Amino acid sequence: MAEFDLNDESVVVIIGSGAGGGTVANELAQKGIKSVILEAGPRFDIGDIENDEWTMFSKISWLDKRYSAGGWHGSVNHPTLPTWIVKGFGGSTVHWAGVSLRFKEYEFKTRSNYGAVDGANVEDWPVDLAEMTPWYEKAELKMGVTGKTTGMPHLPWNNGFRVLAEGCRRTGRSDYRSGPMAINSVERDDRPSCQQIGFCMQGCAIGAKWSTMYTELPRAEDTGNCEIRTDAMVLKIEHDDSGKASGVLYADKDGNQHLQKARVVCVAGNSIESPRLLLNSASSMFPDGLANSSGQVGKNYMNHTTGGVYAALPEKVHMFRGTSVAGIVGDEVRNDPARGFNGGYYLEFLSLGLPFMAAFMEPGNTGWGRSIAGALENYDKMSGVWVLGEDLAQEKNAITLHDSEVDQYGLPVPIVAKTPHNNDYEMTAHAYETTAQIYESVGATDVYELPAYPATHNMGTNRMHADADKGVVNGYGQAHDIDNLFVSDGSQFTSSGACNPTLTIVALAIRQAEYIAQEMNAQNI
Amino acid sequence: MTIRFHRLGKSDEDRTGMSRRMFLMTTTMAGITTNAMLSGAAFAGSSALNPAQSASVLQMVQDIYPHPGLLNLSHYEAIVASVAKTADEDESSAKTLTDGLALLDEKAQELFGSTYAEIEDADAREGLLRHFQGEGFFQSVRWTAYFGIYNNKDIWPLFGYQGSSVEYGGYIDRGFSDITFVPEGPTLEERMDDVQN
Numbered sequence: 001m002a003e004f005d006l007n008d009e010s011v012v013v014i015i016g017s018g019a020g021g022g023t024v025a026n027e028l029a030q031k032g033i034k035s036v037i038l039e040a041g042p043r044f045d046i047g048d049i050e051n052d053e054w055t056m057f058s059k060i061s062w063l064d065k066r067y068s069a070g071g072w073h074g075s076v077n078h079p080t081l082p083t084w085i086v087k088g089f090g091g092s093t094v095h096w097a098g099v100s101l102r103f104k105e106y107e108f109k110t111r112s113n114y115g116a117v118d119g120a121n122v123e124d125w126p127v128d129l130a131e132m133t134p135w136y137e138k139a140e141l142k143m144g145v146t147g148k149t150t151g152m153p154h155l156p157w158n159n160g161f162r163v164l165a166e167g168c169r170r171t172g173r174s175d176y177r178s179g180p181m182a183i184n185s186v187e188r189d190d191r192p193s194c195q196q197i198g199f200c201m202q203g204c205a206i207g208a209k210w211s212t213m214y215t216e217l218p219r220a221e222d223t224g225n226c227e228i229r230t231d232a233m234v235l236k237i238e239h240d241d242s243g244k245a246s247g248v249l250y251a252d253k254d255g256n257q258h259l260q261k262a263r264v265v266c267v268a269g270n271s272i273e274s275p276r277l278l279l280n281s282a283s284s285m286f287p288d289g290l291a292n293s294s295g296q297v298g299k300n301y302m303n304h305t306t307g308g309v310y311a312a313l314p315e316k317v318h319m320f321r322g323t324s325v326a327g328i329v330g331d332e333v334r335n336d337p338a339r340g341f342n343g344g345y346y347l348e349f350l351s352l353g354l355p356f357m358a359a360f361m362e363p364g365n366t367g368w369g370r371s372i373a374g375a376l377e378n379y380d381k382m383s384g385v386w387v388l389g390e391d392l393a394q395e396k397n398a399i400t401l402h403d404s405e406v407d408q409y410g411l412p413v414p415i416v417a418k419t420p421h422n423n424d425y426e427m428t429a430h431a432y433e434t435t436a437q438i439y440e441s442v443g444a445t446d447v448y449e450l451p452a453y454p455a456t457h458n459m460g461t462n463r464m465h466a467d468a469d470k471g472v473v474n475g476y477g478q479a480h481d482i483d484n485l486f487v488s489d490g491s492q493f494t495s496s497g498a499c500n501p502t503l504t505i506v507a508l509a510i511r512q513a514e515y516i517a518q519e520m521n522a523q524n525i
Numbered sequence: 001m002t003i004r005f006h007r008l009g010k011s012d013e014d015r016t017g018m019s020r021r022m023f024l025m026t027t028t029m030a031g032i033t034t035n036a037m038l039s040g041a042a043f044a045g046s047s048a049l050n051p052a053q054s055a056s057v058l059q060m061v062q063d064i065y066p067h068p069g070l071l072n073l074s075h076y077e078a079i080v081a082s083v084a085k086t087a088d089e090d091e092s093s094a095k096t097l098t099d100g101l102a103l104l105d106e107k108a109q110e111l112f113g114s115t116y117a118e119i120e121d122a123d124a125r126e127g128l129l130r131h132f133q134g135e136g137f138f139q140s141v142r143w144t145a146y147f148g149i150y151n152n153k154d155i156w157p158l159f160g161y162q163g164s165s166v167e168y169g170g171y172i173d174r175g176f177s178d179i180t181f182v183p184e185g186p187t188l189e190e191r192m193d194d195v196q197n
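From first to last, the protein sequence lines stand for chains A and B.
Under this note's numbering, the first residue of the first sequence carries the number 1, and numbering increases by one thereafter.
Under this note's numbering, the first residue of the second sequence carries the number 1, and numbering increases by one thereafter.
In case anyone wonders, no lab produced these hints; they're calculated from the structure.
Possibly wrong hints are sitting among the right ones.
Claimed, not checked - To give an idea of the interface, some chain A residues facing chain B are shown, with a C-beta separation under 10 Å as derived from the structure:
1. 48
2. 155
3. 166
4. 169
5. 171
6. 174
7. 177
8. 316
9. 370
10. 380
11. 454
12. 468
13. 517
14. 520
15. 522
What the hints assert, rightly or not - Residues of chain A placed beyond 10 Å of chain B at every Cβ, according to the derived structure:
16. 84
17. 187
18. 221
19. 243
20. 287
21. 294
22. 354
23. 359
24. 407
25. 515
The structure displayed is predicted, hence computed values, not measured ones.
Every residue, glycine too, gets a C-beta built ideally from N, C-alpha and C.
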């Protein structure tokens, strides 16, 4: 494995090893460009993966101090766990379920399609579906996504999805299938095919699901062009007198601080840590934080409009057998304002194990008693979905820094504020009703509605915009203010779309790496 | 935020009736099916809790997660043993708990003229406990009960949950698609056709 000197000014420093950072690193490494990845968490490998919800939650989650704020129920029920993401090698690609959907054309152009929405800060992306399509294809080939690009069939249907699919058929729907998933349905790319183990979100124990943990990161290391330092928490991005990013200050496992010099810096720490780092990097030249002349760093935090719906069926389902997200219903993903809201939503079959079902059926202090216990006795007869809908950007939904409390690194604790827009309430009500009808058509006796879980899809806090006054980065994720500073994760999203963000993060990262290589060759950065 | 039961198929009366019938049926089998769970569950004396306090906690955990048709007393006793162990080992949590139990009984006397554990009506006991659900002592007992029941591998089979599968090669040959009350999913040929044509 390569080792680079702290004073080596020629390296690209990449902060984070997940979908964005891991992909950029490997793409650059394959082109011969040298990089250092600074990963805040420990090194994991596939041997660390266990089929146990709480064991894995404790092992891989980002549990540094954070506060939930705003009007969503989590500010009461999950006061210190606003998000459910990973701190460690591979980032949240260890935890993701594998759903690999593309944005729809209208979702890239929400301002043009929705107009100005009261209380929201809706804008168009500087890219569109036609521009992104070849990059989506590259991402699908890299990740091994079932579907037309790879020719890999979608996965076989498990019990829980068969119930949902039959409900869809009986209610006249047509768009429901067991993909696209970045889970091998056949052996491919030196990884095995899915054994229907379940526990996808606890990390795939055999590597059938794409994760940078066992694809991009080791492959980048194998080139000799990439050094990955784990337990390396970035504290600050430094810049020189001309305002160019010049290095990255980080703390190692023992708390010792080091400054890694850099030619280019890519920030990919997820949508909480990335804006937090830019804000924490304020200097006399950039008093409001790096790359923040627009004032949009940390703003427009989106995490999807979500909820859970579980139905008790007349017979056993054993939904936990097989892939966690075993099928996707796409009929409701369209912009039809006549429904009372902008944008659309997916229904994704999602199994929870008994421990998580008991914890999330009614989160918070009230989730006990006869009604909860009675519902949990139906556990083995349940099928259910995660509702996943577009979340409109709002400036007041934001990542800010606590004014007095600091974490174990001495950094101000991030406050994650989310208040749903009326659009979200309308959409959620529609989704709950739709899902209840689907399950009732297959004989559901009870239908349980669950509020949003702590967010795994975090987006928008360093958004891209063609106009430097309205966004932090341009269409390549390059900071408007600082040419050699890039944002490589989901925080560059201008809108959330209805779909899971990972495929788009990877597609953008492949495209960004191409652009970085080109700009480095041209000596522009 | 509270759970909304969107549409209930059965009346509460039916549920209760069903649960009671299942309770009678399953208690006779409990000795056979739950042997594994009894280790460490012996209702040993606690230095921090007197017998009345232990009895209150035992009633609490049964009211917090009542599963009369699935679990038997020994499951709940094991949770009480765990609560008592924490109290025995930590003076401040013992005080929080015993102070809380005293307040619970005080409120019970005020509303029902008896101690909490002596209230016969389950709904009344749950209603009384709701007064205290924001309190630390209550949530501490509640989460101990949560982990003792729903994160307990010995209890999972009673809920039909099978847990870890990787050591058995996953569920691919163990019933991941074995239900018969809805149609089967598409065949491999149909799934190939879907992506290749």
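Now for the hints, and whether the structure bears them out:
1. 48: With a minimum Cβ separation of about 13 Å from chain B (threshold 10 Å), the hint on residue 48 of chain A is violated.
2. 155: With a closest approach of 8 Å, the residue 155 of chain A hint holds.
3. 166: holds (4 Å)
4. 169: holds (8 Å)
5. 171: violated (13 Å)
6. 174: Check failed: Cβ of residue 174 of chain A comes no nearer than 13 Å to chain B, outside 10 Å.
7. 177: Interface hint status for residue 177 of chain A: holds (7 Å vs cutoff 10 Å).
8. 316: holds (7 Å)
9. 370: holds (6 Å)
10. 380: holds (3 Å)
11. 454: violated (13 Å)
12. 468: violated (40 Å)
13. 517: Nearest chain B Cβ about 32 Å off; hint violated.
14. 520: violated (38 Å)
15. 522: violated (39 Å)
16. 84: Holds: least Cβ distance 17 Å, greater than 10 Å.
17. 187: Holds, since 14 Å exceeds 10 Å.
18. 221: Consistent with the label, residue 221 of chain A stays out of reach of chain B, its closest Cβ about 26 Å off (over 10 Å).
19. 243: Its Cβ never comes within 10 Å of chain B, the nearest being 46 Å, so this holds.
20. 287: Since the minimum Cβ distance to chain B is about 39 Å, residue 287 of chain A lies beyond 10 Å and the statement holds.
21. 294: The claim stands: residue 294 of chain A keeps its Cβ more than 10 Å from every Cβ of chain B (closest is about 34 Å).
22. 354: violated (4 Å)
23. 359: It is violated; residue 359 of chain A is separated from chain B by about 7 Å at its closest Cβ, not greater than 10 Å.
24. 407: The claim stands: residue 407 of chain A keeps its Cβ more than 10 Å from every Cβ of chain B (closest is about 24 Å).
25. 515: Given that every Cβ of chain B is farther than 10 Å from that of residue 515 of chain A, nearest at about 31 Å, it holds.
When held up to the earlier numbered hints, the structure conflicts with 1, 5, 6, 11, 12, 13, 14, 15, 22 and 23 and fits the remainder.
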